[in-house]
Structure formats: C-alpha cells, structure tokens
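Generate coordinates for the entire structure from the input sequences, incorporating the hints supplied.
Residue numbers (our numbering), protein chains in the order written: chain A, 1 to 162; chain B, 1 to 128; chain C, 1 to 155.
Derived by calculation from the structure, the hints in this document are not laboratory data.
Hints are not guaranteed to be accurate.
Straight-line alpha carbon distances no greater than 25 Å define the calculated DMTMM-like cross-link-like pairs of lysine to aspartate or glutamate that follow [what the hints assert, rightly or not]: (1) C:K75 x B:E29; (2) C:K131 x A:D7; (3) A:K75 x B:E102; (4) C:K2 x A:E28; (5) C:K84 x A:E137; (6) C:K75 x B:E10; (7) A:K119 x C:E73; (8) B:K88 x B:E102; (9) C:K114 x A:D126; (10) C:K75 x A:D95; (11) B:K53 x A:D117; (12) B:K126 x B:D112; (13) A:K109 x C:E94; (14) A:K8 x C:E101; (15) C:K114 x B:D36; (16) C:K106 x B:D36; (17) C:K75 x B:E40; (18) C:K84 x B:E40; (19) A:K75 x C:E29; (20) C:K114 x B:E40; (21) C:K75 x B:D25; (22) A:K16 x B:E52; (23) B:K53 x A:E137; (24) C:K2 x A:D80; (25) A:K75 x B:D78; (26) B:K58 x A:D126; (27) C:K131 x A:D117; (28) A:K63 x C:D37; (29) C:K106 x B:D23.
If you want the footprint, here are the derived chain C segments under chain A, 3+ residues with CB under 8 Å [stated by the list, open to error]: (30) 2-15; (31) 34-40; (32) 73-82; (33) 94-101; (34) 131-144.
Since we're looking at a predicted model, the values are computed, not measured.
By construction, the Cβ of each residue, glycine as well, lies at the ideal position given by its N, Cα and C atoms.
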Amino acid sequence: MRWIWIDKFTEFEPGKRAVSIKNVTLAEEHLHDHFPGFPIMPTSLMIEAMAQTGGILVGYERKFKEKVILAKINKATFHDIVRPGDQLTLEVVIDNIADEAASITGTIKCGENTIADIKMMFSHIDNNIAGMEFPEENFVFNDQFMGLLRFYLPEGTMDNFS
Amino acid sequence: MAMTREEIAEKVQEILVDALGVDDDEVTEEATLMGDLGAESIDFLEIVFNLEKAFDIKVPREELFPAELASNEEFVADGKLTDAGIDKLKSAMPHLDLGDFESDPDVNKMSDLFTVASIINFVEGKVN
Amino acid sequence: MKFVLIDKITELNLGSSLKAVKSVSLAEEYLADHFPDFPVLPGVLMIEALTQAAAMLVHATNDFSHSMVTLAEVKNAKYKSFVKPGNTLKISIEAKNIDSETSSFKAEGTCDGKSMVEARLQLRHFNLADKDSSLADIDQKLKTELKKRFQLMQI
Numbered sequence: 001m002r003w004i005w006i007d008k009f010t011e012f013e014p015g016k017r018a019v020s021i022k023n024v025t026l027a028e029e030h031l032h033d034h035f036p037g038f039p040i041m042p043t044s045l046m047i048e049a050m051a052q053t054g055g056i057l058v059g060y061e062r063k064f065k066e067k068v069i070l071a072k073i074n075k076a077t078f079h080d081i082v083r084p085g086d087q088l089t090l091e092v093v094i095d096n097i098a099d100e101a102a103s104i105t106g107t108i109k110c111g112e113n114t115i116a117d118i119k120m121m122f123s124h125i126d127n128n129i130a131g132m133e134f135p136e137e138n139f140v141f142n143d144q145f146m147g148l149l150r151f152y153l154p155e156g157t158m159d160n161f162s
Numbered sequence: 001m002a003m004t005r006e007e008i009a010e011k012v013q014e015i016l017v018d019a020l021g022v023d024d025d026e027v028t029e030e031a032t033l034m035g036d037l038g039a040e041s042i043d044f045l046e047i048v049f050n051l052e053k054a055f056d057i058k059v060p061r062e063e064l065f066p067a068e069l070a071s072n073e074e075f076v077a078d079g080k081l082t083d084a085g086i087d088k089l090k091s092a093m094p095h096l097d098l099g100d101f102e103s104d105p106d107v108n109k110m111s112d113l114f115t116v117a118s119i120i121n122f123v124e125g126k127v128n
Numbered sequence: 001m002k003f004v005l006i007d008k009i010t011e012l013n014l015g016s017s018l019k020a021v022k023s024v025s026l027a028e029e030y031l032a033d034h035f036p037d038f039p040v041l042p043g044v045l046m047i048e049a050l051t052q053a054a055a056m057l058v059h060a061t062n063d064f065s066h067s068m069v070t071l072a073e074v075k076n077a078k079y080k081s082f083v084k085p086g087n088t089l090k091i092s093i094e095a096k097n098i099d100s101e102t103s104s105f106k107a108e109g110t111c112d113g114k115s116m117v118e119a120r121l122q123l124r125h126f127n128l129a130d131k132d133s134s135l136a137d138i139d140q141k142l143k144t145e146l147k148k149r150f151q152l153m154q155i
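Following this line, the structure appears as structure tokens:
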C-alpha cells in the first residue's frame with residue numbers, strides 16, 4: 001500500500017482554502033480487509049486524506065520549506081460510511097497559520113452527503129521541537145513528493161515557485 | 001470594548017475545555033494548565049490561536065510560553081531562576097501570581113504558575 | 001496491505017480495559033512513502049490501532065452482538081513523538097462506558113514508557129441488517145471473522 005490519500009486538487013486558494021478529491025476503489029487492497037465481505041473506507045484514512053489536503057495548503061504558504069507534521073486532531077466526527085465507487089470531496093480552510101503551527105477546519109462530502117467534520121493542527125517542527133529527534137532535510141516535502149505535486153495542483157499554482 | 005472579568009473567564013473556560021478536552025468543572029481558576037489540565041506545547045499554540053480570535057488581541061509567544069524563559073541560560077542557574085530571570089518573568093508576565101515562587105524559584109515548579117487565573121489576568125490586561 | 005493495526009492483545013478486562021501491542025517493521029510498505037528518508041508510523045494509523053483495540057474490547061464485552069464497531073468521533077488526539085521501525089507501540093484502552101450501541105474510551109500509546117499518542121474515542125456499534133435485512137448473512141460472516149481474529153490475537 002502506498003501512502004497517498006488524495007487523487008488531485010480541484011481548487012487551491014493559497015493561504016485560504018483548497019478542495020481535493022479522493023476516489024474510493026475496490027483496487028485498494030486494504031478495503032478487502034476492512035471489512036471482509038463489507039468493504040468501507042477506514043475513518044483513519046479519511047483523517048489522513050484531510051491531513052494531506054490541509055498539510056499541502058499549509059506547506060505551500062512557506063514554499064514547502066517547513067516540515068509540516070500532524071500534531072493534533074482536535075476533533076473528527078464521522079456521520080456516514082464510505083464505500084467503493086464513492087468519490088469524496090475534501091474541503092479545507094486555514095484557520096490560523098503562525099511560525100510554529102497551523103490549524104485547519106475541514107469537511108468531507110460524498111455528493112451532498114456530509115461524511116465527516118474534522119479540525120486539526122499541524123506543527124512546523126523546526127520551530128516547535130519539544131524534544132523530538134528527526135533528520136535535518138525536509139523528509140515531509142521530499143523530492144518524490146515535489147515530483148507528484150505538479151500533477152496534483154491546478155495548472156499555474158506552482159508558477160511563482162523557483 | 002471593555003469586558004468584565006466574568007465575561008472573560010467564561011470565554012477562557014470555553015477555550016480551555018475545547019483545547020484540552022477537559023470538563024467544565026475541572027477548569028477552576030486555581031487549576032494549573034500543565035499539571036492539572038495536561039496542556040502541552042501544541043495545546044498552548046491552539047489556546048493562543050483561539051484567544052487571539054475570541055478577544056481580537058495579539059499574544060506574543062514569550063508572554064504566554066514558559067518554556068522560552070526556562071531554556072535561556074541567562075535566566076537559569078542550577079535549575080533555579082536567577083534574579084535576572086525573576087525580573088524578566090515579572091516584566092514579561094505581569095499577569096502571573098508568583099506567590100511563594102520567589103523564595104524557591106525552581107524551574108520545574110515554574111509550570112505551576114501558569115493557572116487558569118493567570119490566563120484570565122493576561123486577557124484582562126490586554127482587553128481593558 | 002492487510003488492515004490489521006494490532007498484533008496482540010496482552011490484557012483484557014471485559015467492560016473496562018484492554019492492552020495490546022503494535023510492532024512497527026520496515027517490511028510495512030507504506031513506510032516507504034511515509035517518509036522515504038524517515039520512515040515512521042503515520043499518526044492516523046496510531047489512531048487506527050487505538051480504534052481497533054477499543055473495538056475488540058467492545059466485541060468481547062458485548063459478546064460479538066454487532067458486526068460493525070466503527071469510529072464515530074475522535075477528540076483531542078495528540079502526538080508526542082515518532083514511532084520508528086523496530087519500536088513496539090503499547091496500547092492502553094480504558095472504557096468510560098460501553099453501552100449496547102455506543103461506547104467511549106480514553107486511549108494511549110507508549111514506546112519504552114514514553115507517551116507517543118493519546119486520544120479520546122467514541123465508537124458506534126451496529127449490524128448491517130439494522131438498515132437492510134438482506135445483509136444479515138454478511139453480519140454473520142463478519143462476526144465469524146471477528147471471533148477468529150480475536151482468538152488469533154490472544155495466542
């Protein structure tokens with residue numbers, strides 16, 4: 001299993017909000033185990049999809065120089081299950097962004113049906129270390145990630161990046 | 001806009017309940033943020049964000065973050081705050097009630113100074 | 001990948017608490033993406049591990065009366081440090097209440113005595129047949145699988 005939980009961004013307003021989509025398919029192996037005979041998307045992976053949507057929006061604000069790490073899930077509430085064939089729309093808004101951390105609010109929908117409401121915080125770990133040890137190079141927004149990013153974002157979003 | 005201490009206290013309580021996942025009745029004025037309510041550095045950042053939004057104020061990190069002072073060699077010797085450190089604490093954080101701390105300024109006890117009341121005092125000073 | 005985020009149940013007190021472990025190995029494929037130069041257990045999989053452990057406590061306590069025990073809400077989940085290949089996450093679940101259709105928990109994960117994650121969880125319990133009676137056979141199949149897995153985790 002790879003660790004990429006959104007398929008692309010459909011809207012991207014730097015510093016403010018973004019919308020991404022995630023298609024859920026029976027080709028994803030873990031669904032056959034969650035649960036055997038009744039595949040549904042794990043709630044934890046919906047949180048991850050939101051963290052990736054929000055983390056990229058937050059990372060963009062510092063030109064992907066900061067290591068943006070999920071630090072806190074303030075609250076994630078799930079209203080309905082997600083099944084193969086569903087397409088999720090993840091909308092995220094930045095509530096706060098500072099040198100040390102950022103906070104976001106997100107909603108996951110399937111069509112008009114609200115699946116989840118999520119609030120979370122990211123740490124910019126170089127400015128907010130709290131005793132953690134980690135490599136100096138940016139292991140979050142790494143070369144592999146930056147290579148994928150140009151296919152993720154709406155055209156032109158990366159134009160002002162050197 | 002002037003606010004009464006009660007109005008401030010009520011909002012501060014709401015913010016702390018939300019950020020720390022504690023019950024209303026645990027957030028007494030005497031409760032210490034780290035010891036009693038389990039606040040950690042990411043929680044402090046959330047509390048700062050939400051105080052700034054709720055009261056329309058700016059919260060400079062050094063005024064609410066004990067860690068910055070305690071990690072500065074100028075202000076700490078043998079695990080205790082130096083006189084310079086205590087002066088800095090008083091000037092940077094006038095909202096703290098130092099009580100007995102001055103007679104035994106052990107840095108490990110510094111976290112006990114950060115109570116719910118100290119946050120309310122801090123906001124009161126900023127808002128009014 | 002298989003989606004099993006606990007390896008073994010090490011202690012079980014019906015209705016009140018459960019302890020389990022999740023060992024992290026470089027053999028797990030997703031670690032290659034998270035992250036290529038710094039493989040660590042993704043934070044949301046720690047939440048998944050806590051959820052699966054709490055769900056097992058519900059299944060055992062309620063005698064496998066529901067085929068589905070899923071996460072309704074997670075609150076104040078905090079990450080303290082990184083869990084790396086070679087580490088074993090020790091999971092500790094404490095039930096606040098386990099009713100027939102809902103339950104709530106305080107959960108923590110530690111490595112070498114140090115806290116790595118803590119969270120409050122709420123689960124909901126249901127059978128697929130509650131909404132669609134034609135799915136009763138799937139409920140039965142799921143329960144059989146769950147019991148097998150539950151036994152496997154205690155060997």
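We went through each hint and held it up to the structure:
1. C:K75 x B:E29: The hint holds at about 24 Å.
2. C:K131 x A:D7: It is violated: about 31 Å lies between the C-alpha atoms, which goes past 25 Å.
3. A:K75 x B:E102: Violated - the C-alpha atoms of B:E102 and A:K75 are around 40 Å apart, more than 25 Å.
4. C:K2 x A:E28: holds, 10 Å
5. C:K84 x A:E137: holds, 17 Å
6. C:K75 x B:E10: holds, 22 Å
7. A:K119 x C:E73: holds, 12 Å
8. B:K88 x B:E102: holds, 12 Å
9. C:K114 x A:D126: At roughly 21 Å apart (the allowed maximum being 25 Å), A:D126 and C:K114 satisfy the hint.
10. C:K75 x A:D95: At roughly 18 Å apart (the allowed maximum being 25 Å), A:D95 and C:K75 satisfy the hint.
11. B:K53 x A:D117: Status holds; Cα separation ~21 Å.
12. B:K126 x B:D112: It holds: about 22 Å lies between the C-alpha atoms, which stays within 25 Å.
13. A:K109 x C:E94: Violated. A:K109 to C:E94 sits at ~32 Å, over the 25 Å cutoff.
14. A:K8 x C:E101: violated, 37 Å
15. C:K114 x B:D36: holds, 19 Å
16. C:K106 x B:D36: holds, 17 Å
17. C:K75 x B:E40: holds, 15 Å
18. C:K84 x B:E40: holds, 22 Å
19. A:K75 x C:E29: Roughly 28 Å between the alpha carbons, so the hint for A:K75 and C:E29 is violated.
20. C:K114 x B:E40: Holds. C:K114 to B:E40 sits at ~14 Å (cutoff 25 Å).
21. C:K75 x B:D25: holds, 19 Å
22. A:K16 x B:E52: holds, 18 Å
23. B:K53 x A:E137: Violated, at about 34 Å.
24. C:K2 x A:D80: holds, 23 Å
25. A:K75 x B:D78: violated, 41 Å
26. B:K58 x A:D126: holds, 23 Å
27. C:K131 x A:D117: Satisfied, since the Cα-Cα distance of roughly 23 Å is no more than 25 Å.
28. A:K63 x C:D37: The given pair, whose Cα atoms are some 20 Å apart, holds under the 25 Å limit.
29. C:K106 x B:D23: With a Cα-Cα distance of about 14 Å, the restraint between C:K106 and B:D23 holds, given a limit of 25 Å.
30. 2-15: holds (count 3)
31. 34-40: holds (count 5)
32. 73-82: holds (count 10)
33. 94-101: violated (count 0)
34. 131-144: This one holds; 4 residues, not fewer than the three required, reach chain A with a Cβ under 8 Å.
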